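Sequences listed follow chains A and B, in order. The first sequence maps to residues 1 to 460 in this note's numbering. The second sequence maps to residues 1 to 437 in this note's numbering.
Hints are not guaranteed to be accurate.
With a straight-line Cα cutoff of 20 Å, these simulated PhoX-like cross-link-like pairs (lysine-lysine) come out [what the hints assert, rightly or not]:
1) 295(A) with 312(A)
2) 335(B) with 24(A)
3) 335(B) with 267(A)
4) 94(A) with 36(B)
5) 319(A) with 321(B)
6) 97(A) with 36(B)
Chain A residues, not near chain B, derived (Cβ > 12 Å throughout) [what the hints assert, rightly or not]:
7) 6
8) 96
9) 184
10) 306
11) 310
12) 325
13) 333
14) 335
15) 364
16) 388
17) 398
18) 409
19) 425
20) 428
21) 440
These are calculated hints, taken from the structure and not from any lab test. Source: prediction; values computed, not measured. From the three backbone atoms N, C-alpha and C, an ideal C-beta is built for every residue, glycine too.
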Amino acid sequence: MPLGNDTLAKLREIVGADHVLTTKEDLIPYSFDGTAALQQMPGAVAFAGTTEQVAAILKLANQHKLPVVTRGSGTGLSGGSLPVNDGLVLCLVKMDKVLELDRANLTMLVEAGVTTLTISDAASAAGLFYPPDPGSMKISTIGGNVAENSGGLRGLKYGITRNYVMGLEVVLPEGEICWMGNKCVKDVAGYSLRDLFIGSEGTLGVITKVLLRLIPKPQAKKTMVATYAAMDQAAQTVSDIIAAQIIPCTLEFLDRTTIRCVEDFAKVGLPLDCEALLLMETDGHPAAVAEEAAKMEELARQNGAKEVRVAKDDVEANKLATARRSAFSALARVAPTTILEDATVPRSELAKMIRFVDTVGKKYNLKVGTFGHMGDGNLHPTFLTDERNKEEMHRVEEAFQEIFDEAIRLGGTITGEHGIGLAKKGILPKFAGDAQMRVLRALRRTMDPNGILNPGKMFE
Amino acid sequence: MPSHQSHLKNLDYSVVQQCMHCGLCLPTCPTYDATKLERNSPRGRIALMRAIADDRLEVTRTFGDEMYFCLGCLACMTACPAGVNYAELFEHARAEVEEQRLLDSPKRRLIRWFTVKWLFMDLRRLLLVGRAMRLYQQMGFQTLLRRSGVLKLLPKRLQELEAMTPDIPKEFSAEMIPPVTRAVGERKYRVAVLTGCAQDLIFSEINRDTVEVLAHNGCEVITPPEQQCCGSLHAHNGELGLATELARQNIDQFPPEQFDAIISNAGGCGSHLKHYSKLLADDPRYCERAELWDRKLKDVHEWLAQIGVKAPARDGQPPLKVTYHESCHLSHGQKVVTQPRQILKLIPNLTLVELPEANWCCGSAGIYNLVQPEMAGQLLDRKLKHIRSTGATIVANGNSGCLLQLINGVRQAGLPVRVAHPMTLLAEAYRRSAAPN
Numbered sequence: 001m002p003l004g005n006d007t008l009a010k011l012r013e014i015v016g017a018d019h020v021l022t023t024k025e026d027l028i029p030y031s032f033d034g035t036a037a038l039q040q041m042p043g044a045v046a047f048a049g050t051t052e053q054v055a056a057i058l059k060l061a062n063q064h065k066l067p068v069v070t071r072g073s074g075t076g077l078s079g080g081s082l083p084v085n086d087g088l089v090l091c092l093v094k095m096d097k098v099l100e101l102d103r104a105n106l107t108m109l110v111e112a113g114v115t116t117l118t119i120s121d122a123a124s125a126a127g128l129f130y131p132p133d134p135g136s137m138k139i140s141t142i143g144g145n146v147a148e149n150s151g152g153l154r155g156l157k158y159g160i161t162r163n164y165v166m167g168l169e170v171v172l173p174e175g176e177i178c179w180m181g182n183k184c185v186k187d188v189a190g191y192s193l194r195d196l197f198i199g200s201e202g203t204l205g206v207i208t209k210v211l212l213r214l215i216p217k218p219q220a221k222k223t224m225v226a227t228y229a230a231m232d233q234a235a236q237t238v239s240d241i242i243a244a245q246i247i248p249c250t251l252e253f254l255d256r257t258t259i260r261c262v263e264d265f266a267k268v269g270l271p272l273d274c275e276a277l278l279l280m281e282t283d284g285h286p287a288a289v290a291e292e293a294a295k296m297e298e299l300a301r302q303n304g305a306k307e308v309r310v311a312k313d314d315v316e317a318n319k320l321a322t323a324r325r326s327a328f329s330a331l332a333r334v335a336p337t338t339i340l341e342d343a344t345v346p347r348s349e350l351a352k353m354i355r356f357v358d359t360v361g362k363k364y365n366l367k368v369g370t371f372g373h374m375g376d377g378n379l380h381p382t383f384l385t386d387e388r389n390k391e392e393m394h395r396v397e398e399a400f401q402e403i404f405d406e407a408i409r410l411g412g413t414i415t416g417e418h419g420i421g422l423a424k425k426g427i428l429p430k431f432a433g434d435a436q437m438r439v440l441r442a443l444r445r446t447m448d449p450n451g452i453l454n455p456g457k458m459f460e
Numbered sequence: 001m002p003s004h005q006s007h008l009k010n011l012d013y014s015v016v017q018q019c020m021h022c023g024l025c026l027p028t029c030p031t032y033d034a035t036k037l038e039r040n041s042p043r044g045r046i047a048l049m050r051a052i053a054d055d056r057l058e059v060t061r062t063f064g065d066e067m068y069f070c071l072g073c074l075a076c077m078t079a080c081p082a083g084v085n086y087a088e089l090f091e092h093a094r095a096e097v098e099e100q101r102l103l104d105s106p107k108r109r110l111i112r113w114f115t116v117k118w119l120f121m122d123l124r125r126l127l128l129v130g131r132a133m134r135l136y137q138q139m140g141f142q143t144l145l146r147r148s149g150v151l152k153l154l155p156k157r158l159q160e161l162e163a164m165t166p167d168i169p170k171e172f173s174a175e176m177i178p179p180v181t182r183a184v185g186e187r188k189y190r191v192a193v194l195t196g197c198a199q200d201l202i203f204s205e206i207n208r209d210t211v212e213v214l215a216h217n218g219c220e221v222i223t224p225p226e227q228q229c230c231g232s233l234h235a236h237n238g239e240l241g242l243a244t245e246l247a248r249q250n251i252d253q254f255p256p257e258q259f260d261a262i263i264s265n266a267g268g269c270g271s272h273l274k275h276y277s278k279l280l281a282d283d284p285r286y287c288e289r290a291e292l293w294d295r296k297l298k299d300v301h302e303w304l305a306q307i308g309v310k311a312p313a314r315d316g317q318p319p320l321k322v323t324y325h326e327s328c329h330l331s332h333g334q335k336v337v338t339q340p341r342q343i344l345k346l347i348p349n350l351t352l353v354e355l356p357e358a359n360w361c362c363g364s365a366g367i368y369n370l371v372q373p374e375m376a377g378q379l380l381d382r383k384l385k386h387i388r389s390t391g392a393t394i395v396a397n398g399n400s401g402c403l404l405q406l407i408n409g410v411r412q413a414g415l416p417v418r419v420a421h422p423m424t425l426l427a428e429a430y431r432r433s434a435a436p437n
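Go ahead and model the full structure; you've got the sequences and the hints to work with.
Following this line, the structure appears as structure tokens:
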């Protein structure tokens, strides 16, 4: 049901008139998220400042069967925070307080609208470390990170958002406030509902607070860039590093197109005359770092690296990592529309998958830039196209279908870290299978009987 | 729909489409940071511009207000990996707003006519106003009025504006600088220095210092006495036609073929001056020369770093703690970031302390502090807080608008901090090393 004047009046009563947006000029900027070529106009945007306000809004929405899409900074890459036409956007960016940093238990309690960077900086200031670092970490909110179970550059060694969530405060669709988890390292009381909410993409409840696990900050790190004349050599280096039982914190790769775009933006001195580049980082005890870095460099050279450059200090290392994080956006320099994929395969199949993406790109005559997290098998083949070219967009879709099929065939997944949202809704049933789909649907119906939360996303 | 030509619809669509709304601009946008509303962010503003280009939105008053709430600081352009040309989008959007007269009111029309269309279109008018203000200050009228309390009878906003009037120096550039200044020692380059309009009126000493520094570094410096405004004020305020006219006049006065470099010492002007070829792209008589002009146009810090600036000799001065506030259009617009710092570090007794958020707008933003006092004031307070935290006794900056904003800021806050252009600090050091001990 669309938003009536009565409902709007009640919304204004709950959060204050200043915190409800309804004019066209205010709503257009909320009609998309970070995903390409998707747009839907919301009926209103409401900003909640407290958990109680979120609860009151959900109660109201549930009464009126009003669709609600929860949103942080709108940087998602699968359309998860794309509004429902005429529905309500519940924006949590104003719930942005770090509530507690517990040095005795190594935890941090934050509101859902706190940015990933703020968390990372606050942890660092206390000599601690919050490892998940999605590409949009400067502005992405922790609520969104948890809802999408975001990854990042350090997944290989440190895992993803899920591995750092100890507890959640969630408002359920009927307005009930519920705490899941606590500061205990061990806790097996009942089903782990907390885990159910991580990666639930705003379909089961609204996450309002997050209790995070922090770890000691590694004492040392070393960052290196290796360049290759062929992508296979880079892939082989990664396989050899893992086979040598070294787990670096970062093993990222960029292909030729991506290198050019990134260098054009970041100007960090990446070589432009190579086919592939590996960004490698090892961290931990200084002695271990030195030993691992030497071994990684040796393996890179054995596999034909043209050059291995070691970052001279933290500043240069950060610049390189930041440059890498900009890869997706930087690709927009060469084409108006960049459609990014997230196919992920077991690490042993990586070289095969990269070759396959290349073949498919040629077969459909498409421009592709590929980069990604080589160390964890998470690829981001990005098609460089123009959304106004319907014929080419159709070829893009066909190419993706082939890529997904191949990823599944190789024992991989259709999304490593971006989520299903709208972008991959169509292929989830095939990937998940009937039994899993039945459980997913039953769970969602139980949690949200009126189907108000992010309707139309993930699956019908 | 009205029959006027639409700037946003006529723009190459790829410029509008370049934004892929990843959101990486959001944390660097001062207005978004203050309100947390997408409409007040670069991504949100571009979405509105695109909606107009796509016919999904009309150019409304709200749209107009939004375009003028934007500072135009261009921090988003530094942050944008996709390389969106926000400066171009923003100028066309404001031009669209002006052509449709959406924000029209008698008061606004008068202010715009007086400043953009009359005062800043002819240097002689500016100098006239400058002389009148100088007289007002030198004869003691200002002090008298301020002491008498008569000013308290003015509306609050006018009182605030009166307090912001800059001190007019005793001499303007042309009275201090000969049209040709010889290089000290061997002449290696021939350069022109643009003395600016407001800069000439308020900071003529900076122009003199700039010329001195250049001469000291082997440049013969040409500074014709009567120069025009660069047109940035006009372009940023939706008057692209007037900006184009001024661009032609400047190219005529400073034929780019005749100089090794054309030097600007104000970040805001330089950022606009470097893009004359965009304004004149459709003018067959000027387009080629405009491209040469763009290539020759250098910010003074950029030029000095390029030719290898001389270090002043060591002198017995006590140590100075200096911090550097980046002009938005010098750092984000021109990407001149390291050079001013390198130059400051050359001064022997000077320690440079990094200013937190050095490249965050101070709120000056052209005439923004006059038209959006509230937001400008918030930004100034934030800047002053950081300046205070450095413990520096001098804050250096390379743009007249920011200098004025900071001078007013430190005065009002009672901070014992001197505000100075890097060229002034360098010129002083050269003078000290030349003086007999």
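Hints versus structure:
1. 295(A) with 312(A): holds, 18 Å
2. 335(B) with 24(A): violated, 35 Å
3. 335(B) with 267(A): Satisfied, since the Cα-Cα distance of roughly 12 Å is no more than 20 Å.
4. 94(A) with 36(B): holds, 7 Å
5. 319(A) with 321(B): With Cα atoms ~28 Å apart, residue 319(A) and residue 321(B) exceed 20 Å; violated.
6. 97(A) with 36(B): Between residue 97(A) and residue 36(B) the Cα gap is close to 14 Å, so the pair holds against 20 Å.
7. 6: holds, 25 Å
8. 96: Answer for residue 96(A): violated, closest chain B Cβ roughly 8 Å.
9. 184: holds, 34 Å
10. 306: holds, 26 Å
11. 310: holds, 23 Å
12. 325: violated, 9 Å
13. 333: Answer for residue 333(A): violated, closest chain B Cβ roughly 5 Å.
14. 335: violated, 9 Å
15. 364: Holds: least Cβ distance 21 Å, greater than 12 Å.
16. 388: Given a closest Cβ separation of 8 Å, the condition is violated.
17. 398: Since the minimum Cβ distance to chain B is about 22 Å, residue 398(A) lies beyond 12 Å and the statement holds.
18. 409: Correct as stated: the minimum Cβ-Cβ distance to chain B is 31 Å, above 12 Å.
19. 425: Fine: 20 Å to the nearest Cβ keeps residue 425(A) off the interface.
20. 428: holds, 24 Å
21. 440: holds, 29 Å
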